[in-house]
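Chemist: When you get a sec, could you build the whole thing from the sequences and use the hints?
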Amino acid sequence: MTDQIVAFTYLSIVASVAGLATILVRSPVHSALSLVVVVFHVAGMFVLLGNGFLAAVQVIVYAGAIVVLFLFTMMLLDLRRHETERTVHRRQIWLAIPIAVLLFAEVAWIAISKPEISENLKGAFPPQTIDELGGSAQALATVMFTDYLLPFEVASVLLLAAAIGAMVLARNPDEESLASPPDMIEDAAGTDGSSDQPEGELSETPATHG
Amino acid sequence: MSIPLNAYLLVGAILFSLGTLGVLMRRSVLIVFISIELMLQGVNLTFAAYGAFLEDMAGSMFVVISLTVAAAEAAVGLAILVALGRRVTEFYVDRLDTLRW
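Which chain is which? The protein sequence lines are A and B, in order.
Reminder that position 45 of the first sequence reads as 45 in the numbering used here, one-by-one numbering, no gaps.
Reminder that position 90 of the second sequence reads as 90 in the numbering used here, one-by-one numbering, no gaps.
The hints are simulated quantities; they were obtained by calculation from the structure and are not laboratory data.
Don't take every hint at face value.
Claimed, not checked - Partner residues aside, some chain B positions facing chain A, computed with beta carbon under 10 Å:
no.	residue
1	Gly42
2	Glu55
3	Arg86
What the hints assert, rightly or not - Covered by chain A, according to a simulated footprint, are these stretches of chain B (three or more residues, beta-carbon under 8 Å):
no.	segment
4	45-54
5	58-71
Heads up, the beta-carbon is just placed ideally off N, CA and C, and yes, glycines get one too.
Modeler: Structural data, given as structure tokens:
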């Protein structure tokens, strides 16, 4: 019992301090790395709640995919101005802090004074049922592919749409002629029509970086 | 479950409020994005805590869907930033006002 309290105290303090660091540090790279610390400690709280599957998914998706995506984007962008310019809005901060404090007071009041969880509200998955099923992954799978099949499918369509949208948005419009199939076939075949084609490629490549 | 539900909800509230403060306060577009992810962490913790204490799998299911939406949002948002990076050199929310005419 006490070891759970010690673990929760550690996890909550480090998650809160890392969350504060995420929004206060100057560099976006440091901010993303602080978010990784938050993600790992929230995953630790998922373990304390007896949901090891969510903890694993949290680390894989957030720390492994989303934060890496952020870091990749930061490498692609020119962020030198972030080292010298102002990091916060000059006047908006005096409105932002009271709004955030008010929001915290409201949500914390709800969190502290929540109604008691009565027995008739409880669902069909007490800890011993989850143990009988073999773990939280099996328990989640039993509802994911039955009761929540439609949201699961909708989420997969959302991911597909986001993947296609990201590719369309991030594609360089200058390279469209360069990547069209007929040119590539001519290049591969080595026909004489390709004599002026490399010139076009060479002249366009520096323009994309400039 | 020796730790009360209130403690988890309070940590979720702290993370959500910090994320809100970051969104409202910071100028950098990237840090605004990261703050949104921080808000989603607080929401995920609240969902998972209620799911565990109500002994229901709906909480975990919503965390999984929220993760999916977060991944989709990050992918599309960062793709917009990459496309924007070809035109502008400063990524501040008070300077990116081309659409505001």
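Chemist: Failing hints, ascending?
Modeler: No numbers; nothing is violated.
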